[in-house]
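Chains as they are written, first to last, in the working numbering: chain H, 185 to 544; chain S, 185 to 544; chain Z, 185 to 544; chain X, 185 to 544.
For the record, the hints were derived by calculation from the structure and aren't laboratory data.
Don't take each hint at face value.
[Stated by the list, open to error] Examples of chain H residues toward chain S, derived with CB under 10 angstroms:
| # | residue |
| --- | --- |
| 1 | 237 |
| 2 | 373 |
| 3 | 382 |
| 4 | 387 |
| 5 | 401 |
| 6 | 416 |
| 7 | 426 |
| 8 | 428 |
| 9 | 430 |
| 10 | 434 |
| 11 | 458 |
[What the hints assert, rightly or not] Where chain Z lies over chain X, by a calculated footprint (3+ residues, C-beta under 8 angstroms):
| # | region |
| --- | --- |
| 12 | 370–382 |
| 13 | 391–397 |
| 14 | 404–416 |
| 15 | 440–450 |
All of these numbers come straight from a predicted model, not from anything done at the bench.
No residue lacks a Cβ here, since even glycine has one placed at the ideal position from N, Cα and C.
Protein chains: 4
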Amino acid sequence: MTTLEQDQTALDELYSDFSAANLIPLWTTRSDLMPLSPRPAAVPYVWRWSELYPLAQRSGDLVPVGRGGERRAIALANPGLPGRPYATPTLWAAIQYLGPRETAPSHHHTQTAFRFVIDGEGVWTNVEGDPVAMRRGDLLLTPSWAFHEHQNTSDRPMAWIDGLDIPLVQQLDAGFFEFGPDKPGTTATPDRSRNERLWGHPGLRPIGAADQPSSPLMAYRWAHTDAALTAQLELADEGYPTTLEPGHAGVRYSNPTTGGDALVTMRTEFHRLRAGVRTAPRRIVGSAVWQVFDGEATVTLGEDRFTVKKGDLFAVPSWCEHSIEASTQADLFRFSDEPVYDALGLTRLAQQAVEGREVR
Amino acid sequence: MTTLEQDQTALDELYSDFSAANLIPLWTTRSDLMPLSPRPAAVPYVWRWSELYPLAQRSGDLVPVGRGGERRAIALANPGLPGRPYATPTLWAAIQYLGPRETAPSHHHTQTAFRFVIDGEGVWTNVEGDPVAMRRGDLLLTPSWAFHEHQNTSDRPMAWIDGLDIPLVQQLDAGFFEFGPDKPGTTATPDRSRNERLWGHPGLRPIGAADQPSSPLMAYRWAHTDAALTAQLELADEGYPTTLEPGHAGVRYSNPTTGGDALVTMRTEFHRLRAGVRTAPRRIVGSAVWQVFDGEATVTLGEDRFTVKKGDLFAVPSWCEHSIEASTQADLFRFSDEPVYDALGLTRLAQQAVEGREVR
Amino acid sequence: MTTLEQDQTALDELYSDFSAANLIPLWTTRSDLMPLSPRPAAVPYVWRWSELYPLAQRSGDLVPVGRGGERRAIALANPGLPGRPYATPTLWAAIQYLGPRETAPSHHHTQTAFRFVIDGEGVWTNVEGDPVAMRRGDLLLTPSWAFHEHQNTSDRPMAWIDGLDIPLVQQLDAGFFEFGPDKPGTTATPDRSRNERLWGHPGLRPIGAADQPSSPLMAYRWAHTDAALTAQLELADEGYPTTLEPGHAGVRYSNPTTGGDALVTMRTEFHRLRAGVRTAPRRIVGSAVWQVFDGEATVTLGEDRFTVKKGDLFAVPSWCEHSIEASTQADLFRFSDEPVYDALGLTRLAQQAVEGREVR
Amino acid sequence: MTTLEQDQTALDELYSDFSAANLIPLWTTRSDLMPLSPRPAAVPYVWRWSELYPLAQRSGDLVPVGRGGERRAIALANPGLPGRPYATPTLWAAIQYLGPRETAPSHHHTQTAFRFVIDGEGVWTNVEGDPVAMRRGDLLLTPSWAFHEHQNTSDRPMAWIDGLDIPLVQQLDAGFFEFGPDKPGTTATPDRSRNERLWGHPGLRPIGAADQPSSPLMAYRWAHTDAALTAQLELADEGYPTTLEPGHAGVRYSNPTTGGDALVTMRTEFHRLRAGVRTAPRRIVGSAVWQVFDGEATVTLGEDRFTVKKGDLFAVPSWCEHSIEASTQADLFRFSDEPVYDALGLTRLAQQAVEGREVR
């Protein structure tokens, strides 16, 4: 037996003993564990509304909503994360479908959630007993541990998207879940929820109200979002460059008690691009899911290019260069895990320099 | 010469030597310097709008507005602080009067300012070149070091109140002041200022806008304030006790980038009392100035009782027990120096327990 | 074909179409995705120093340290996370072994790291060019993105444990890594590093030094840790109950610029139990790794009981009830991912009430 | 009567009516109220230890320490603030003198205090019952509302300086004061106080201890201060410019639970200048008091120049340009009101650029 063979034998034995002792050496795994830059398993991907919505409809015919399954929600599963219902490693995104007069039962969980409505109306989500109307263009929050149930008060089905931090909370083993009462706590269908009546006044807060980690304002109405975006673009036209980039307006949904993100673990934003505008190519650490609310655009995600239109959703993995070019005026909802990276000091951004940006 | 006399002589000499050496002993001054509880020199006091406004009018006839004097503002001088134009030891409050077509010239200063409008319209305050309409019920901010000028575009005079932290900044020797251009930077009279168009959308902030110490939203319109107060009282009627006390609603003007006070050194609030409601007697460390916006009330300030109505202003010194009883529905604007005490760990509050208070 | 069969066929088709469209329904996965309470895949586990150290020694004979593999570090692989070199879902823990006169080359990465020394001396870790001696009982930090290399200046091997947030950063796709120069930047072996000379004075900070997310003090010496623990127990004996529990002292390594955790993503602590003391059973959300520094103890982790002694390491998964009973006086080093949960609002703690706890 | 005369009469009447109505116009007072830059009434001034100490001694002979007067403290009275025992508009500074075996009785107050010892030993200050030895070079804290008493256990008198925020708290009407027991709560004279035993370990904090607004470490010993300054200068000599300026080292006393100032309302620092070093001329908003601990220096305060030596104190008013030139190595203690300005957004600094400053 030569020295080299002896060495190899000794090494084989060593690795076998590592394995038996539940040990794994760094020197054979370093480049995978600690790559030079992020190598996400998740891939850039587009889910088409034209495919999603009919599948949701078919589910509506075949699958009842009820206790246990809890929601008729169908999750986007990133092909790079096979077998997992994760749009990205941290974000869960689904289409939820509620048939005429149906109710999704009450529960709460430590996972943070929101709903964004691409179309329709007639459903109220009761958050801690406060009925919140859901209508086209609205963002509705369900903070961690808030009881919630949904009821469709109309004779038509309604679908929307749900965003949650399920993958993050699962990886952190931080999920708690409890069922609520089986019967809806309220069947009221007010035009305006109590949280909006209390908190929906710009810059005004009830005296004595404590700061809260998640926004106490839990409904962000389309009319306000639309007005804010319109104003940004008009101000830029008037010579006050308050947009993100020329022709690219954007608002962040925020918590009026802190000014920070509306939700603790997810960032929620709405973007408007004028026809013909192309955003500066950009990479950030962390992942995002976008949904086209209106218009058409071409999205470049790394090496891939996709044409997207109303309802289409796409996932942007960490550190994937991305850019959006609007064919028509394009309105897009976006959510991401950026607050997690901000909180942990892991934020990184690379962006082609943009002229004229200034927000006062 | 007896021992006692010797001692007294020695003491006299000692005190005389102290004086010569610019020294003052504690043991003779302790009880004044460090009282058992605050002994403000400022006194509870009411200034009547019926007296203020005519004096402002007479000033309008006799005193030009111009460079040097800068503003036709007449300050409330607390009788307990003789010779000083201070409403309280930290707060300056004045009626400002601008005649038809008059302009108050541009300047900026480290002192923080706001305007609150009890009546009238037609004046625009240009803050950093952004023209802000002033109308009944509005609160308009002028953060520290922001250039500002006022112009009356109408054929009628207009008066409002100014609040500043002049006494505080003077005691801290922190005042800087610079004159701006003599001519107005803009004569535009837009209905809505740029800061409102950018920031006046509930819970929405421009992506990329940095946090700011003072609110970037610099106009708080009456319609919003009124709606917020109305909603609080209605919610309480519906069984959701979101008011400060039964029948007592209140909003704080806040900075949407932080959720904190709209201004760094002054707290600004608006209170509404239903007819017949009496607020729980309350003492706080720090002083405040209130103005009746509408209605009538009886104010108890320490041992004093005053009946107040629209436009009347009153000063509440530190630690002075106060309570307000509404004869009619009463709307009151309030500003105070509480952020100073919060920041310095000096806040103290004594309040008779109140049932049913809860703000979510 | 019966209705039921038809339905089943339709359902099968639906699920097949989901799969083809990269979709996964919630109703079949809800209980796994959103359990009633955390169900960690990671298991409670003990790695024995008596097994670890000889394997590290054998690696020292067989495996060179060099560029690419970078470190002769052997990671604890939780049996519940098969194939992954993760002690817990968020924490990487390893024994690192450096032979006489060996050097581990320079690199930096966004992953945060520390070293804790159970025995030995003679190695200096150069952090951003600042040589830091490593000796028994010391905690040495390597903040995110700080260049570091290790050199053994002695004729004897040295081993210690490394803790990193590799699993967390990998799941977040936030890892960046760069190689440094191949040759050590310095071969100096000062007794005290520059960061200690600048920052190692209790309660004193250099004027003008900015706050930093990670501690600028990067060496926490055993003499200080030992003295702090000794004092806590003595103070308790004198009637000032400053311990965590009777007979249980504990210190947290902190960042002198903020008072917070020494590292951004990991908490580091040292615990001392008097002989006979048993800690109150406790569950927390988040995972931890402990190492016995000295003494013997019995550890209860969920249903399992282990006897541990000097050098042994054990993993505590999320929400696993755990308690430690000291047979002799027992000193234990602990690190955890708690700052992540604190930052994301996911902290939960269940602890049997403990008498007499008070820290001033 | 001419028009001019009529006008003047009308104006006189107006001003008289203002006065009667407790009103003061801005236009006649603006330049005093809102100067172009701070115009402090306080003046630069030096108090000589050679004058102070003998006066304190004479007080020791003539004036008993006891209930009511509370302390044999003699305050520096800035000649620009006649009749007031204020070193600056916000800071109170005094020499306190305690004869052999004397006791200063227990009390507490919302005013924040500290002691700095220029010479001597033998006195213990009991802070909330924790006896704290006072020795040359030590800084000892008395946070707001902490009960404290002083006792001289030796046969020799001892003197030190007291710093308090009395003027600030008085202007804010925020002072509360209560007498404690007449008899000392403890006569123990431990070498090390309990707070030091619990908190005096660099970078280590008791697990479970909450953050506190004032430092829970209440004794900062000279040996640590001296070592920190020595290290800064040595590091600079070695090529690591960690000093404030070449030859100018400085430490700030900090709160280990937050990293911020040791006290809420006052900044405390220690500076060391090498012989021959002259600090860059500097202006800041806010005032400070310095005491020479050792050595000799020439101080330039605005237009004035003073030579100072051990024990001498000098006041630096707001925005007064100042510079210190060391004749010998000079050690100086400094306290200021800077935290107030930082908290209120009023900080301003003008400093001649300095080469080579860098603190890591």
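_Violated hints - listed by number, lowest first_ = Numbers 1, 2, 9, 11 - these are the hints that the structure violates, sorted from lowest upward.
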